[in-house]
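Protein chains: 2
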Amino acid sequence: MAKSRRLVDMLMFINTKRMFTAKELAEEFGLSVRTVQRYLLDLSELGLPLYGEKGRSGGYKVLKNRILPPILFTEEEAISIFFAYQALQYYHDLPFDAEIHTALQKFYVYLSEETKKKVDKMSAHIAFWNPKRNLNTPYLKELLEASLAGKYIEFLYDSKAGQTRKEVKPLGIYAHNGLWYCPAYSCDKQKVLLFRADRIHSLKVLEKDEQMSLTLKEWLEKEPINTQPILLKVTLTHEGVRQCKGVPWLENHVKVARDGNGYIDTITDGNELNYMASFFYTLGAHAFIEEPQELIGKIFCHAEETLRRYKNEVGTKDE
Amino acid sequence: MAKSRRLVDMLMFINTKRMFTAKELAEEFGLSVRTVQRYLLDLSELGLPLYGEKGRSGGYKVLKNRILPPILFTEEEAISIFFAYQALQYYHDLPFDAEIHTALQKFYVYLSEETKKKVDKMSAHIAFWNPKRNLNTPYLKELLEASLAGKYIEFLYDSKAGQTRKEVKPLGIYAHNGLWYCPAYSCDKQKVLLFRADRIHSLKVLEKDEQMSLTLKEWLEKEPINTQPILLKVTLTHEGVRQCKGVPWLENHVKVARDGNGYIDTITDGNELNYMASFFYTLGAHAFIEEPQELIGKIFCHAEETLRRYKNEVGTKDE
DNA sequence: CTTAATACGACACTTTTTGTCATATTAAAA
DNA sequence: TTTTAATATGACAAAAAGTGTCGTATTAAG
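Those protein sequence lines, which keep their order, are chains A and B.
Going letter by letter, the first sequence gives residues 660 to 978 in my numbering.
Going letter by letter, the second sequence gives residues 660 to 978 in my numbering.
It is worth saying that the hints were derived from the structure and are not from the lab.
Since the structure is predicted, the reported quantities are computational estimates derived from the model, not experimental observations.
One thing to keep in mind: the hints can contain errors.
Since copy identity is lost for identical chains, a pair holds within one copy or between any two.
[As the list claims (entries may be wrong)] Subject to a maximum C-alpha distance of 30 angstroms in a straight line, what follows is the list of computed BS3-like cross-link-like pairs (lysine-lysine):
#1 Lys676 to Lys863
#2 Lys881 to Lys810
#3 Lys713 to Lys876
#4 Lys777 to Lys892
#5 Lys876 to Lys904
#6 Lys825 to Lys765
#7 Lys904 to Lys850
#8 Lys676 to Lys776
#9 Lys881 to Lys825
#10 Lys881 to Lys800
#11 Lys825 to Lys776
#12 Lys957 to Lys970
#13 Lys720 to Lys810
#14 Lys825 to Lys904
#15 Lys662 to Lys765
#16 Lys723 to Lys662
#17 Lys723 to Lys892
#18 Lys682 to Lys662
#19 Lys881 to Lys780
#20 Lys676 to Lys662
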């Protein structure tokens, strides 16, 4: 039992070193060099990828990544990890996809038959509703790692105007509606730009790094600074109330009268006018916008233009 | 070393049994009873919650859940698990929430300082955009477990008409837009009903169980039987192409000409006409619908009506 | 060609593990 | 009430495993 403990201690010690010699460990742990060699043999049999180099400036190296000491999990905990993985199933690409799979594999082999069945079944009984996407997003891990390390990157980006070269410092990544986005700070333009991760090609991590000034979270929280507060006033029918309560950006702002009709009187983001126009258009007669005038104007102009564009289509059919 | 291995073997053997005696194990492993007792002592020191009962029909029991043998993970794998957990951060309630936390805790304590920092940072650099909800959904785990076991459940449901008692067999759970839903088969009504999990109260698992006839997955796949296929033909400008490629239900159906303009010619669901109308309305001049006539009609009528409704509003301002 | 490292075998010595026996305690069955 | 079969624990000798000290081979840098 004492040996197992010392093996774990040694594993931990090794993890902190890039390279080490048997003599070093012998002194550290008060053991003979021979015993240390035997310990290292045991560790590699346990799965630690050790590589020894002979010769004067030789020593041992741990290949691969650091390995954690053996951990005891309960089956319930393993199940919970499989559950968490379900949430990721709907993304075509993920950072750390390979690692998640090897980790799940390690859990899976030790599960009891009964629990294996349960885990197998699970994917058929849980869904996280997200649009399935088929776009390849190969650089997710690199984007995330660069943002964690505060490193600059360089890549080609498919934008409206064709492919352009960008040099930026990513703040992080986020998933929205099945797509991955990456806000990144551009030195040239001195501001944060938002990129769609699937449109990023030929990424290269640059040496230039800088301690993080802004994280994704801060940026997401700050963003509302870019908002242009405008007053939104809408009257709603009974059905309009129901619909507005179903969207997160409005659910807390709908006031309902005793007769079931409703009213919205709140401040929202002026940058979202186009989205709002489309949303209230869908509601049709169930919502009547009182303010802002700009939103009414948008809807009105759009309606006029739409009429003009489809006039002939509808006309010919009717005749 | 031989001992550690035998300890693990014994752990595995114990896991398959509900109850056992020291003598049984002694015979199974070719050890003396005394040694088995000492092994069991070691195992409980390692964290296995063993409970021994004296007396004639006594024996050992493992309390709690099964424990997996010690597993060696790499740090990268641990990071990937923390990443997966990020995807769940936006749900107010989760099944297995407690277990996920204890599992992450076990990983966390063994991470190197460097990796701990990385993991701490991660939550600030990744987001899975989902509306934050504040509704309590306490029965998620029970719903999931019942669906896996094919068991019937009984609960009170807050529906439009007030609280009603339901007796159903859940097919599974799914998350959509930050809310949890549970489709479940009702024996009374002989069909699958869809429940919002946050509206379920006082759940009780019934003894009655039945091997699964339908899983959530099958149900979700079957649902489109309700679709009404219609032909959709749209011409797109360059920008229209870009926008349509950004929505999942169209991204695979956009054909792009050499000049950058595009064309859609596909079959979609007639039940979604209202949504489509709203979507193509937003695109404005970047999309021109050729078919179906019904969609054009919808957009046209809506535009006419919108004009009528807001005419005065815009007029008064202009004067 | 010396030095400092891995690699590994042999053997005596030390520590740990194991089996045996003894004893106490408990609870069900006879 | 006594017997029986289980846990629980201690003592001690025997067996096994682990350890240190050699020795020898091999390798590569200085």
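Taking the hints in turn, this is what the structure says about them:
Taking the shortest Cα distances, Lys676 and Lys863 sit within 30 angstroms of each other inside one copy (28 angstroms), while across copies they are farther apart (54 angstroms). Proximity of Lys881 and Lys810 under a CA criterion of 30 angstroms is satisfied intra-copy only: 21 angstroms inside one chain copy versus 47 angstroms between copies. For the identical chains of this complex, Lys713 and Lys876 are neighbours neither inside a copy (49 angstroms) nor across copies (57 angstroms), given an alpha-carbon limit of 30 angstroms. For a Cα distance limit of 30 angstroms, the shortest separation of Lys777 from Lys892 qualifies neither inside one copy, at 49 angstroms, nor across copies, at 45 angstroms.
Taking the closest pair of Cα atoms, Lys876 and Lys904 come within 30 angstroms of each other both inside a single copy (26 angstroms) and across two copies (28 angstroms). In this assembly of identical chains, Lys825 and Lys765 lie within 30 angstroms of each other by CA distance neither inside one copy nor across copies; the values are 40 angstroms within and 40 angstroms between. Taking the shortest alpha-carbon separations for Lys904 and Lys850, only the inter-copy value of 27 angstroms comes in at or below 30 angstroms, while the best intra-copy value is 35 angstroms. For the homomeric pair Lys676 and Lys776, the shortest alpha-carbon distance between copies (18 angstroms) is at most 30 angstroms, but the shortest distance inside one copy (41 angstroms) is not.
For a Cα distance limit of 30 angstroms, the shortest separation of Lys881 from Lys825 inside one copy, 23 angstroms, qualifies, whereas the shortest one across copies, 45 angstroms, does not. Taking the closest pair of Cα atoms, Lys881 and Lys800 come within 30 angstroms of each other only inside a single copy of the chain (25 angstroms); across copies the shortest separation is 35 angstroms, beyond that limit. When the C-alpha separation of Lys825 and Lys776 is checked against a cutoff of 30 angstroms, the pair qualifies only between copies, where the shortest distance is 28 angstroms, while the shortest distance within a copy is 48 angstroms. Taking the shortest alpha-carbon separations for Lys957 and Lys970, both the intra-copy value of 20 angstroms and the inter-copy value of 12 angstroms come in at or below 30 angstroms.
For the homomeric pair Lys720 and Lys810, the shortest alpha-carbon distance inside one copy (27 angstroms) is at most 30 angstroms, but the shortest distance between copies (53 angstroms) is not. For a Cα distance limit of 30 angstroms, the shortest separation of Lys825 from Lys904 across copies, 23 angstroms, qualifies, whereas the shortest one inside one copy, 41 angstroms, does not. Proximity of Lys662 to Lys765 under the C-alpha cut-off of 30 angstroms is found in both arrangements, the shortest distances being 24 angstroms within a copy and 22 angstroms between copies. In this assembly of identical chains, Lys723 and Lys662 lie within 30 angstroms of each other by CA distance both inside one copy and across copies; the values are 25 angstroms within and 28 angstroms between.
For the identical chains of this complex, Lys723 and Lys892 are neighbours neither inside a copy (60 angstroms) nor across copies (53 angstroms), given an alpha-carbon limit of 30 angstroms. Taking the shortest alpha-carbon separations for Lys682 and Lys662, both the intra-copy value of 18 angstroms and the inter-copy value of 27 angstroms come in at or below 30 angstroms. Taking the shortest Cα distances, Lys881 and Lys780 sit within 30 angstroms of each other only across copies (18 angstroms), while inside one copy they are farther apart (42 angstroms). For a Cα distance limit of 30 angstroms, the shortest separation of Lys676 from Lys662 qualifies both inside one copy, at 21 angstroms, and across copies, at 29 angstroms.
Checked against the numbered hints above, the structure breaks hints 3, 4, 6 and 17 and satisfies the rest.
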